[in-house]
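Residues in the sequence shown are numbered consecutively from 1190, following our numbering.
These are calculated hints, taken from the structure and not from any lab test. Just so you know, these numbers come straight off a predicted model, no measurement behind them. Each residue gets a CB set at the ideal place from its N, CA and C atoms; glycine is no exception. It is possible that some hints are incorrect.
Listed next, with one range per pair, are the computed distances between beta-carbon atoms [stated by the list, open to error]:
| no. | residue 1 | residue 2 | range |
| --- | --- | --- | --- |
| 1 | A1347 | D1254 | 34 to 40 Å |
| 2 | Q1385 | G1295 | 37 to 43 Å |
| 3 | R1335 | V1313 | 25 to 31 Å |
| 4 | A1405 | A1223 | 27 to 33 Å |
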Amino acid sequence: MCDLLSRSLKVYVITDSQLSLGRSTEEVVRRALAGGAKAIQLREKRFSDKRLLETAIRLRTMTADAGALLIINDRVDIALAAGADGVHVGQDDLPADVARRLLGPGCILGVTVETAEEARAAGVSGADYLGTGPVYATSTKPDAGRPYGVELVRRIKAATSLPVIAIGGISEENAEDVAEAGADGLAVVSAVVGRQDIEQSVRLLLEAFERGVRMA
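Modelling step: build the complete structure from the supplied sequences, incorporating the hints.
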């Protein structure tokens, strides 16, 4: 599972309709998949439950056709109803062990962590991958806190055998450094969703990530 999952997480695109330049979530995801993204997280805090589920069902078809993963932010119920691949939870969301119990063994569980202790606890609770950050300053998530730099990636990687994706202010300009620090993937919002050429943005991130992996 870990090797296959790691290969899918290289560019992990998180949706945000507020940053998508007027394009629908479906259009953004279609273009990201065309650019080579293999993991999509549906994160739309302003959507009603009905709209979120309808969007998730449409994205499930799109990602399945592209051989990509669909992860739902926070909402286990939406993930199960839409047949998504899994759920991502933060430290203040549904506890990871509860999410794992509800999801069952066949779904992917991602957990946000900022410390080695949280990383180890997430592993015990049944996480399949970890998200960590903010690596760099970001305006996408106002409550993200101060940036930790790539040293955070190194600390989390040293504490776990699970795939680790980095988030927070990541772009094609710094993606190489993040990959060189050991990240298994780059979680991005504005660096893809907010760009005019989504396909090219994904390609540039993938290229930068691969250069960093070779340098590691």
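Exercise. What are the numbers of the hints that this structure violates, sorted from low to high?
Worked result: none
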